[in-house]
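Trainee: Sequence:
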Amino acid sequence: MIDLRLLRENPGNYKAGAKAKNIPVDIDRILALDEDKRRLLTRIEHLRAEQNKIAKESGPLIGKLSGSLKQATGDEATRIQRELEELKARPAKLKAEISELEPQVAALEPQLQSLLLQVPLPPDADVPVGAGSESNVEIKRWSPPGFQLSKSFEENRGFKPKTHQELVRDLKLADFERGVKLAGTRSYVLTGMGMRLHMALLRYATDFMTDRHGFTPISVPVLVREEAMIGTGFFPAGREQAYHIAETQRRNPDAADDKGVGSHDLYLTGTGEVGLMGLHMNEILDEAQLPLRYVTVSTCFRREAGAAGKDTAGLYRIHQFDKVEQVVICKADEAESRAWHKKMIGFVEEILQSLEIPYRLLQCCTGDLGPKNADMVDIESWMPGRGQPDKDGRPQGDFGETHSASRLYDFQCRRLNMRYRAGAAGGKHETVFCHSLNNTVLASPRFLIPLLENHQQQDGSVRIPAALRPYLNGAEVVRSSVS
RNA sequence: GGAGGGGUGGCUGAGCGGUUGAAAGCAGCAGACUUGAAAUCUGCCAUGGGGCUUGUCCUCAUCAGGAGUUCGAAUCUCCUCCCCUCCGCCA
1 MIDLRLLREN PGNYKAGAKA KNIPVDIDRI LALDEDKRRL LTRIEHLRAE
51 QNKIAKESGP LIGKLSGSLK QATGDEATRI QRELEELKAR PAKLKAEISE
101 LEPQVAALEP QLQSLLLQVP LPPDADVPVG AGSESNVEIK RWSPPGFQLS
151 KSFEENRGFK PKTHQELVRD LKLADFERGV KLAGTRSYVL TGMGMRLHMA
201 LLRYATDFMT DRHGFTPISV PVLVREEAMI GTGFFPAGRE QAYHIAETQR
251 RNPDAADDKG VGSHDLYLTG TGEVGLMGLH MNEILDEAQL PLRYVTVSTC
301 FRREAGAAGK DTAGLYRIHQ FDKVEQVVIC KADEAESRAW HKKMIGFVEE
351 ILQSLEIPYR LLQCCTGDLG PKNADMVDIE SWMPGRGQPD KDGRPQGDFG
401 ETHSASRLYD FQCRRLNMRY RAGAAGGKHE TVFCHSLNNT VLASPRFLIP
451 LLENHQQQDG SVRIPAALRP YLNGAEVVRS SVS
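Here the working numbering is used: position 425 in the first sequence is 425, and no number is missing along the way.
To be clear, the hints were calculated from the coordinates, so they are not data collected in a lab.
In this text the structure is predicted, and so the values were computed from the model without any measurement.
Do not take every clue at face value.
[To be verified] In silico DSSO-like links for lysine-lysine, alpha-carbon gap of 27 Å or less:
(1) K19 <-> K160
(2) K56 <-> K93
(3) K95 <-> K53
(4) K37 <-> K95
(5) K140 <-> K151
(6) K160 <-> K172
(7) K56 <-> K95
(8) K15 <-> K37
(9) K331 <-> K342
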């Protein structure tokens, strides 16, 4: 959510921002609705002020007169009766006028609100302008010693790499057929060492953030209310990406009527960010509590609407996966926010380097940011089994997105109504919306792709990087499903 | 699933038709005392919106949310949501 006041002061900034992000929204309509609403509200408030004044004046009098009416008789009673009626009639006209104006405001309100929720956060000035991911800018590349990204996998390692689909099939780490039988396309089953590698990665990533960087590990619901989805900025724009549990549509088959028995609908979250950010929705935090540093591991659900035909094979684009996610909630300070962004990217680099996976950092361009980000850096891991085929029809290798680090200023916290009191609690300090940031720590099974493909060996086995071995009972190599 | 009890400021908690935007306590902030701290005392301490004469200004809304009754609602009525307790069922 953007600040309506800032929008009023500088609509051009928001128009330009929406244009750069390629998100259509009618800012002029918002300004018009806002103006109409304020005009009506001012009128109503004047009337109400009048009404309140009268009520304050005549209220106690009415009370007194009603009391004496009980004792009065004859003419006296009639006189009091008349006086009471007169007093009570005074605000009637005001009331009539108010009840005429109120529905007009009520009609404007939802329109304005729904439009406001669609206004994207303008990208920062230093974010490169571009239409989509093809305009993203590479800012860094890293590969482990002995592996050069300028050369092919074969030139580096002396043999042609298998794709992760082939590795997974040969080592029996996953079963796509049965996954699809159970749950349809984009579903899979991890088996044996496949499942163990998956769990080892998640556990390693969680421990890394907790033990090395002081993040608090938290479990959060993945089935949440609509509020949490809107608050975190995933709705309304991403509605079609989320699975929807329509509990309010539930019917009791034994009941005579067809009234819904579910109390409210729920949504499956596509990232742990929703739960972590939703935690402090509608709260006023103490400044001393900040920054909050949370890490969660959660199952993520994505409908992948609009991605039909894209990455249909293998573990890359799937409906359900597990992800370790980091979130920082800090003071409303741009420098601090930017510093955290860098740090959070650095944590991921450490993990990737410890796992000996080549990667690059991409500065996303305006068109690739999405509505809620001021800035976003994607981290792509090297996947030897991905990319365009060579003359023999084998993939030449390519980077694939495995992480995404977002900087949101107060966009999310404003929607979530999540503030802190500058200074300390209770004092005369104003409340301000917090800043928030989030970044993937590690998402699997997608991360199994670079892990298996980069560490495969000529004999078809896969070397386990040292950092992961403690989570696999010391195992150094994956040779089959069971070892 | 059955039966009850509740949702009030950062927190605890009173109020149950008439200056109650809300007692009291805790926490916090400022000051006094003190070499400093603690203790003590004094004062201040909800949020959001609108207006212009931008002021130690005026005003509206908010006691879970919505609708209603009333001259007047935190207080009464209805609906929705949420939480808790007991019983039943259950991983």
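Trainee: Run through the hints listed earlier and report the numbers of any the structure violates, in increasing order.
Mentor: 1
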